[in-house]
Structure formats: C-alpha cells, structure tokens
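Given the sequences, and given the hints that come with them, work out the whole structure.
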Amino acid sequence: MTLGRRFRIYLLEARFQIVEALREPMFAIPTLTFPLIFYLFFSVIMGTRGVSLTVPTYALATYGVFGVLGPAIFGFGAGLANERDTGVLLLKQTTPMPAGAYLFAKVMAALIFGAVVVAALFLMAAHMAGVALHRWQWFALAGVLLAGVIPFCALGLAIGVWAKGRSAVAVVNLVFLPMAMLSGLWLPIFMFPDVMQDIALALPAYHHAQLALKVIAMDAGQPVQVHFAVLMAETLVFLALATLGFRRADSFSMRRSR
Amino acid sequence: MKSARHLVGRSLTWFVVGVAVFVGVLTTLPVPQAAEGPDRGVPDEMFAIVDVTAFDGEAFRQGWDVWVEDGRIRHAGQRLDLPDDLPRLDGRGHTLIPGLVDGHVHSFQSSLGDALRFGVTTVLDQSTDPAFAAAMRPAREEVGRGTGADLFSAGMTATAPEGHGTQYGTPVETLSGPDEAAEWVRARKVEGSDWIKIIYEDGSAFDMEIPSLDGETVAAVIESAHAEGLAAVVHVSTLETALEAMAFGADGLVHVWRDELVSEADARRFAEADIFVVPTLSVMVAEDPSVAELVSETDDAMLSPIQRQTLAARFPGGLAEGGDVAIENVRRLRAAGVRLVAGTDSPNPGTGTGISMHGELRLLVRAGMGNTEALAAATSVAADAFGVAERGRIAEGHLADLVLVRGDLEEDVSRSHDIVAIWKDGYLVDRAVGPAGGGPGAEIAPAPTETLVADFENGFEASFGEWDVTTDQLMGGSSSANPAVRDGALVVTGEIAPGPAFPWAGVIWMPGEQPMQPVDFSGREAIRFRTRGDGRQYSVMLISSAQPAGPPPTVTFVASEEWAQVEVRLDDFPTATPEIIAGLAFVAEGPVGGFAFEVDEVEVR
Amino acid sequence: MQAGPQQDHTLASLSRVTHRYGPVVALDGLDLEVRRGEVLGVLGPNGAGKTTAISLLLGSLGVQEGAASVFGCAPGAPEVRVRRGAMLQISGISANLTVREHIELFRAYYPAPLPAARLLAMAGLEDLAQRRYGKLSGGQKQRVMFALALAGDPELLFLDEPTTGLDVDARHRLWSEIRGLRESGRTTVLTTHNLDEADALADRVVVIHNGRRIAEGTPAEIKSRTAGRLVRCVTRIRPDEVAGLPGVVEARTRGRHLETLTTQPEDLVRELLARDEALADLTVVAAGLEDAFLALTRDTK
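Protein chains in written order, with our numbering: chain G, 1 to 258; chain R, 259 to 863; chain S, 864 to 1164.
If you're looking for bench data, these hints aren't it; they were derived computationally from the structure.
Keep in mind that this is a model prediction, so the values were computed, not measured.
Beta carbons: idealized from backbone N, C-alpha and C, even for Gly.
Among the clues, some could well be false.
Stated by the list, open to error - What follows is a set of in silico ranges between Cβ atoms, one per label pair, in the way DEER data are often shown:
no., chain 1, residue 1, chain 2, residue 2, range
1, G, 198, R, 518, 53 to 59 Å
2, G, 5, S, 1073, 55 to 61 Å
3, G, 45, R, 393, 48 to 54 Å
What the hints assert, rightly or not - To give an idea of the interface, some chain S residues facing chain G are shown, with a C-beta separation under 10 Å as derived from the structure:
no., residue
4, 892
5, 954
6, 958
7, 968
8, 971
9, 1096
Quick look at the structure:
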C-alpha cells in the first residue's frame, strides 16, 4: 500500500469517525456538555462564593480529566463493542483497510472531542470563574489532559473487546462513573475518607488527574514518576487484555454472528 | 478519486483550522496579573475578601467582608454592600490578619523582601545604616507595588566608643558623655531616625566586659530625644539596667532580661511607668523546639539562603542558659499589665527574618499570652508603641497590608505561618524566593576552581570576573580613584572628598560573569593579597548580594611602605554569608585626603 | 486427493477443509472451487456451513484443517483484499453517515475504486446518495452493502445471503443488479438457502449440507434432482411398504397421513391407488427445501 493511500485511509477513517460521533446525540451531547455543566455548577456557581479560593482552578484540572476520559472510554468501549456486534468491524476486516486506521480514527475522535471539551472548559474557567494561569501552564495543562486519551483509550479498548454489544454501554458506565468519582474528578480527593483515597491509587484517572494538578501545583505531592509509571503499566495491561480479547473473539466470532 | 481528494483536502483543512483555534484559545487565555507564586488566581488591587474571620488588630471578627481599593482598606465589616463587579475571594475557613509588624529587626536590602514573604509587612529596625534607612524611606510613603516590608528605623544607635553596636560594620558615631547627647540626637533627627535607640550594655549578663554609656549619658540622650519629639528605646540585658532606663524615662525596652526574675512589685512599676517591652524571645530562648518545628513545617524552598543561614547559626559560646528566665519575666510583666511588643531581633543567630515572627508568636503564647493578645502584640500594639500610623490594623483607611492564613488563628495562633496570600499596599506578594537571597538580581553562580584572582602581569585584568573602579559617587559623593598597572602590580591613587557620612574610593573585583552576580565560594577560607602604600588604613569590603544595601562588611588593613602579605579570613567579615561574593573592594575610606596604595597577587583560597 | 495443482481458471478454492467450533463440526472435508467468470451459487439450508466456507475464503476465519486459496494466495493476504469485495450478513453499518459518505470511505480503501457515481448507479442508489443509512429501507440498505462490496472494482465478489429478509420486490431488484455483474466479467460467489435464487443467478451450484458438499451442477441439474414431490394421503399402507418403490426417497407417518417423498409421483400415486382402494384425502405438493436437500442426500448415497 502506498504511503499516500495509507495516509488517505487514516485521514478519512478519522474524519468519518468524528462526523459519525458528532451526528450521534447520545454520544456527542453527554461527552461534550456534561463536563461543562458539572464544572459550571460545581466551580463557577459554587466557586465564586465557594468553598475555598482555589476551587475553580483545582476543578479545571479534574473536570478536564473527566472531559477527556468520557469520549475516550465511550468512543472506544461502547463504539467498538457496538461495531463488533453489528458486524461493521467484520466487514471492514475484509477490505484492505489497515487495522491501524480504525484504531487511529477512534483515538483521533477521542482526542478531538477531548480538545473541544478542554478548550471550552478553559474558556469557561477563564471568563466565568476568573481562573488565570501562566501561559506555560495553560499549554502544559492542555497537553497533559489530552495525553490522557492514551491510557483511557486503552481502557476503553479493553472494555470494548470484552463486553458484548449492548451491555458495553452499561459496563462503560459502571467503570466511568465510579472511577470519575473515586479519582476525585468531581470533588477533590482529599475530601474523601482514607479508604477511598487508597482505592484511588489504583485508578488511572486518579494518576492522570494528579499529573494535571501538578501543572498548577495543586496535586497531592506524589512524585511525577509514580503517576507516569502507574499510567504506563495500566495502559500496557489494558492493551494486553484487549489483544487477548481480540484473539478469543476471533475464534468465536462466527458462532456469535450465526 | 476526485471527490476523495476533495474530502482529504477538506479534512486536513479542518484539522489545521482546529489546531490553530485550539492554540489560539490557549494563547488568549488570561495569565495572572499578580506576581508569580503559589497564589495564582487571586485578584489584587481592587477586590474584597468576603465572609472571613478577621483579626482587626485587637479582636477577632466573624463573617467580615474586607474591601480593598487603591492599596487601602476602603471598608471592613459584616455584610458590606459590595459592588457586583468587585472581584471577591471567599474567605471561609481562613483568617485575615493585618500585616505583621516586627518590633525589633536589623535590616539590609534583602531582609525586607524576606520579611514580606512571611507576612511581616512592616519592620521596626533598631539599628542600621542611616543611609540605607534613608534610601528605603520613600518606598514606605508610596502606596504601590513594592518588593519589601516598610522600614521604620532608629538608624544609628547611641553607644560608647568600642561599645555594643560598633562591631557590625555600620558607621556609628559614638558618645563619650552627656554633653554630646543633644547634638547627637539632633544629627539623628536630621538623618531621619524615626526614634532613638540607646545601647545600655556592659556585657555583664554575658560574662563580658564591654564599654558602655554611663547612666547619665543614657538619661541625657533620652531627654534630648524627647526634646526633639522622638521616642527613645533602650537596649538592656539586666533587670538593673532595665529599671534604670525606666527611671530615666525611656519609652520602651527592646529586650527582656535573663539575668534575674523580675519581682511582682518591679513588674508593677514597669506597668505604672507605661513603658513597653519588646522581649525578643526569639533570640532569648535559643534553640527552642517550637522554632525548629516551625522551620521543619516550612518548605525549604520558601527560605532564602540568608534565612537558612541565620536560622542555622548559633551565638558563639551559646545563649542556652536563661531562656526560661526570659519567658518567666515576660509572664510576670504581662501579668502586671506591661505593654508587650512582638519582635524577633532577626537576623541574629538562630533567627530568620520574617519567619521568626511566627516563632515569636508561639513563644509569646508560651509565656502566657492568649492567641488574640499575641497577635495584637505583633500588629496594633507594635504599631502604636512606635507611633507607626496606618499599619497593624484592619480598619478603614489603613494600608491594605493583609495576610490570609488557613484555619482559625483564634483557636491556634501557631498556624500563623500557613499563609495563603499576602497583600502589601493591596498588591499580592510573590512568596517565591528571588535570586540572591530575596531581592531581584542574578542567580548565585558556583566559583571556578582556581584561587588566583589577579597578578596584574597582563594589565588591569582578573583571571575570572573583572575589575572596576568604585567610589562614593554612587551615593552622591565626590571621592575619586585611578587604577594603573605598573611593574606587574596594581597601583591605585585617588582622593577621599568630604561629602557623605560614609565616603570611599578604590577598586572592586567582581567574580561573576555578570557584574555583581554573586558567586558561591563555599569551602574557601581567606582572601590573600600583597600590598604596600602610603601607610594609611584601607579596607577590604565584601559585597554578598547583587543589591548592596548599606555599607558592606569590612575588614581593614594598613598599606605600609614595604610589600607585605595580608590574609583576611572570610570568617572575619561580620556577615552571615561571607562565602557569597558579588564583589570584593579594596578601598580607602575616611579621613578626607589623598591616598595611594598598591595591590598584587590577589587570591581567594 | 483433489487438491492437485490449480488450473488457470480456478480463482479460489477450499480443499478438504474441516472446521470446528468447539465440539460442533461446521465443515467436514469440504471441497469448493470458484472458476473465473462464473456466478457460483453455494446452496444449503441454514446451518449447513455456507457462511463458514465464505469466512474461510475471506480470511476472516483461519483454516483449521485443509487448505484455502484465493488468487493463489492466502485468503486474507493484502494483495487479495484489494481484488475482491464482500457483502456479509451484518446487521448494519453506521446509521449516521450518508450513503455517499459510506461509499467514499470504502472507495478510499482501494487503489483503483469504481467512481462513486457508477457505484450509485449500479446499486440503484442515485436518488438516495445524501440520505443517512439509518433512514433507508431494508432493501435499500442491502443495495448500499452491495455498492460497498463493489467499491474496489473487485474481480471476485462474495455475496453471503444477499437477499435475506427482503420482500419479493426488493429481492428481485437486487437480483437484477447481481445479474449485471456477470456481464461485467466478474466472478461471484453467492450463498443462499433459496433454490430459486440460485436458479435465477448462478451458473453453477454447489449444495452443502451438514458441512459437506452433497451436490454440484448447473441450476437445472440440481433443480431436476430436487424436483421431488410430497404425496400425502390417508391410507392403511404402512411407510415400509412404499419405501422400496422406485423414486421414493422417504416415507413416514405424520398423524393420520402417510407422507411419501418421491421423484416419480405419478408412478407412486398409481401404485398407492392400486393397493388401497379406500385411500382418501390425496394431495401432491412440491417438496420443501429441506426435503429437496434430503432427496439430494439420499441420491449421493
């Protein structure tokens, strides 16, 4: 396959993945607006006469993680499971489409939805909650937040491979909502009992949020390397689980489709 | 194909536009208007802190709103009618206190920054170079963004020849008898002293013999000060001298004593005389665990090199004994109703400018004060004792010198160092340590390994850093110096002209790559050089900081007719940081007249 | 031992392929040959193994036993993928993309795709290009699938039960489109459980039952061999008495009726009436597909 055609496939696959997601209100509306509405409520409205001086800034990082997590885990988890279920994936596998293009498209869709949420959150924080950060912090925070699509897509991929079609949405929600809460994405982690804080140590969203908070010097003080190491390890575990699931699904796919 | 190409092109265009918009958003987002530091996102200049527990200088007030505008407190009280567009900070869970007033410090440029970074917005200096105090005076009159605490100072202190206070390198005009008192006080008033500080110290409390003013002279200086409309405070270290000073009519004592316990009757006499005492427990109670604890709770990065060094330093011979006596004396004075003012005597060994004020609060509580009372001693009582207006209170029209602290200080004043934000004149203070110990300037560079600075074989040049001329023309004087290299040695000729109180002229070697960039010579012990000259006394001055404040620490030498080697140990310089060298000057000082000396083979080893 | 060197005109083949899903044997030593230019009908009842065979030829299943080859390569090889297209039994593609968008995306996968306008025309979708897939009728959806299968201008086309679930009109419409393929010189493999569909479209038919090839021939041959009739009547004659008669494939009692499957119904009726004068309620109907396959099974014994 020529490089030019490969590039074109990757690009169009991504384009149509995004167009498709944008036209799906069940996906686009929650992933694009929930982080903004939550942030508006918890930080802008409560924060201006709020709990403490730093709520809108703190929450910007954690709701940013929430905003990146949503499209990644739903796009991959529910999207992949659905496409496996309907047979779209099977059909595309018979074409010369490289498998990489499919994964690339999903990651790009997660990245672009994440970027839209992040940009909107930043504008809201800056102009409605009075958050001001150093220029490097704005860029670094955006960068750290968007880099979160990698572990979260890996997690979504693992779910999408293992969960069956319609149940995938339920499974994703069962992972997504408790993880968001326990990782301190809605309310600061230090407000929780110690047991819950210990649970958070196992969650990728917690470590990603801590990295984001590090940029604005509001993290819990664990070393950057620890967060990196946990995220990398968990990403690898998710990818390994996904690979295992794909192998298993291959040998059973006919029975499922018949 | 055509439409696919078209789609590819359109997708790429969208992507590029999207990235551009994203980056565009990031580049237009607001950045903090205030200084750098951990308190980003906190507005300044015009804002209100709402629903905060406020200590107004005298008492705690729940649920106050404090409205700051144009550097001052516009309104303070419960449920103010604030304009809708006024930026506001929610103060719940926090305590807002007036900027702290340290009743006993010794100042130099970077110390003012260090004080401010720890919430001490006003320092009451009990001896410094009058020229420095004069230079700092305009800053305190100006309402605007500053980098240091406001300085009020006694300026030069009254002491005997060779007496306490002459050993620090600052210029001191000594007094020999009561008849000199009136003229001396007038000179201080002209220099701009805000009050008069008198040393009444014979060293007996420390098993030393130090020349001291006699009682008659002390009394005369106090009387003259009052005649000039200035307050007079006295340095004492014994109960006996304290009682004498009271009898002479002193307005305040700037130390408590540790030689013996004050009786209840004597304590009552102090109270009746309405004399105030600045106990300076921070130096009196050496190596107190609460201070060590305070330092351990403070992020090391918050401390400037000078703060770290002075906190770690100890008085030679130690001051371990007598701390309990000092505390008990404070307890008794307090019980008798004597006005007590918080002060640290920083940067003496064991103290750190600014940070020690929080230790002093803890020590005052240990001596029996309540939290409210200790905070008052550190704010309104201090300001009132020294007649400093517009400071030490949260009140309408006062300067917006404010410190926001996490938690409830009424419950526990030992939390005072847990600072969220500091405002000076309504401007948010950058709490980060600046380079070179608090002030703006260059970073401290490591020293090269070589020890030879210059042998003048190749002219007026140094093996690293560079040489230059330095004279009091910097301070408005007119002394001059002309360097020349002759026969492989540096010849400096010039003239000391009458003018400033503190004239000089000579040459300076600056070791850094940038002029006046401090260089760390840790591990080196001495400066060695060869010299000869006209037999006059010369000085080696060591400038540690990029912002020299007041006269630098100095060691003198005599340049006689024959070449001689001079070795000056770095320890001999009366400064906390002799190994940090921004400049090393070889100069003539007073008396007025011409001079000529030679220098060669300069080494830092 | 049929897996000799493939002849030039063989585009794809399965040789002695056995495939199991756990304990279930889906294909049992199946041989299948696809010849250049033909429309091959793979006929069999549901569960016969047609889809498994197609999946092996598409490379979406790995060969367990035996050999599979397409264009002389492994079925999943990239050089194979660009030369073939497939229409699978899937429940749908993204409802939110338009017909044209789906077509453009699939066209991008191939090095020399057919023009979008031509694909739309071939599938009769010209008026529906801007409509979202989710808003199409079942027949229209299948035509989109058909267009996608053709997107890469394939030499070889796999159509797996293309008309399942369509009404008669939609089915005939798709048939006419598939017929057009033969004229363009393409090779087509079509699976179906509908004999009429195979008859209408295929040049050659392979019948699979229980994972085995049970018959092969032109549609006419297959049809004639499956032209059995079911003779039902109420009679005292027992099934074993008629089982040995010429043309009888199977005889059984169902309720009061004797049901006899035969390829020579006239002879049987004559014989029955001769043996039982009291015979009543006689009907002769065309055999169902199951019975037709049953007949073929007997034939091959």
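>> Is the interface hint satisfied for residue 958 (chain S)? The criterion is a beta-carbon contact with chain G at less than 10 Å.
In response: Hint holds; residue 958 (chain S) Cβ to chain G Cβ min 8 Å, cut 10 Å.
> Should the hint that residue 954 (chain S) touches chain G count as held when the rule is a Cβ pair under 10 Å?
Replying inline: With a minimum Cβ separation of about 5 Å from chain G (threshold 10 Å), the hint on residue 954 (chain S) holds.
> Taking 48 to 54 Å as the hint, is the beta-carbon distance of residue 45 (chain G) and residue 393 (chain R) inside that range?
Replying inline: 50 Å, holds
> Quick one, is the residue 971 (chain S) hint okay against chain G at 10 Å, beta carbons?
Replying inline: 5 Å, holds
> With a cut-off of 10 Å, does the beta carbon of residue 1096 (chain S) approach a beta carbon of chain G closely enough for the hint to hold?
Replying inline: 38 Å, violated
> When you take the CB atoms of residue 5 (chain G) and residue 1073 (chain S), is the distance between them in 55 to 61 Å?
Replying inline: Check failed, 43 Å falls outside 55 to 61 Å.
> Would the stated hint for residue 892 (chain S) survive a check requiring a Cβ distance to chain G of less than 10 Å?
Replying inline: 18 Å, violated
> So the hint says 53 to 59 Å: do the beta-carbon atoms of residue 198 (chain G) and residue 518 (chain R) match that?
Replying inline: 57 Å, holds
>> Tell me if the interface restraint on residue 968 (chain S) is satisfied: Cβ within less than 10 Å of some Cβ in chain G.
In response: At 5 Å from the nearest chain G Cβ, residue 968 (chain S) passes the 10 Å test, so the hint holds.
Violated hints, listed in ascending order, are 2, 4, 9; each of the other numbered hints is respected by the structure.
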